[in-house]
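Colleague: Residues 0 to 91 in numbering that gives the first Met the number 0 are what the sequence shown lists, from first letter to last.
If you are wondering where the hints come from, they were derived from the structure by calculation, not from laboratory data. Heads up, a few of these hints could be off.
[Claimed, not checked] Label pairs and their in silico Cβ distance ranges:
#1 LEU46 with ILE12: 39 to 47 Å
#2 SER70 with ARG42: 35 to 43 Å
#3 LEU46 with ARG17: 40 to 48 Å
#4 ASN57 with SER27: 22 to 30 Å
#5 ARG85 with MET54: 42 to 50 Å
#6 ASN45 with ALA22: 37 to 45 Å
#7 ARG42 with ALA22: 41 to 49 Å
#8 SER29 with MET54: 40 to 48 Å
#9 VAL43 with ALA19: 23 to 31 Å
Values in this document were obtained by computation on a predicted structure and should not be read as measured data. We treat Cβ as the ideally placed atom computed from N, Cα and C, and that holds for glycine.
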Amino acid sequence: MGLRDFHQLEGAIDAGRRAAEAALPELSRSLDSAPAGPTTGERVLNLRFDPVCAMVINPRRARAQVTREGSTYYFCSENCRDLFERSSKVEM
Numbered sequence: 000m001g002l003r004d005f006h007q008l009e010g011a012i013d014a015g016r017r018a019a020e021a022a023l024p025e026l027s028r029s030l031d032s033a034p035a036g037p038t039t040g041e042r043v044l045n046l047r048f049d050p051v052c053a054m055v056i057n058p059r060r061a062r063a064q065v066t067r068e069g070s071t072y073y074f075c076s077e078n079c080r081d082l083f084e085r086s087s088k089v090e091m
């Protein structure tokens, strides 16, 4: 299927839906039996969303951060942080 095969879109969506529905029971069983915490050798990802652009941010690599009312917000850039601070002042 290529980019111009729009006439096959419904069939592709149906196939994807059937594949997802077939995989869900196994995924559910795997999640239900997963250990509560990380086991040795596993890494825990601590990711956040930039509240301005919705980019996924690793807090250790965030370009900027703001703490407000007990919550810390992480940003991909100082521009996003500045937009956040300006919009927060308008809402206050």
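Colleague: Now look at each hint and say whether the structure bears it out.
Modeller: Hint by hint, here is what the structure shows:
Distance hint for LEU46 and ILE12: a CB-CB separation of about 29 Å, inconsistent with the stated range 39 to 47 Å. Remark: the range hint 35 to 43 Å for SER70 to ARG42 is contradicted by a beta-carbon distance near 25 Å. Taken as a hint, the range 40 to 48 Å is violated for the pair LEU46 and ARG17, whose Cβ atoms sit roughly 31 Å apart. About 29 Å separates the C-beta atoms of ASN57 and SER27, a value consistent with the hinted range of 22 to 30 Å.
Between ARG85 and MET54 the beta carbon distance is about 18 Å. The supplied range of 42 to 50 Å is therefore violated. Taken as a hint, the range 37 to 45 Å is violated for the pair ASN45 and ALA22, whose Cβ atoms sit roughly 27 Å apart. Between ARG42 and ALA22 the CB atoms are about 24 Å apart, so this pair departs from the stated range of 41 to 49 Å. With their beta carbons about 29 Å apart, SER29 and MET54 fall outside the hinted range of 40 to 48 Å.
The given range of 23 to 31 Å is respected by VAL43 and ALA19, whose C-beta atoms sit roughly 26 Å from each other.
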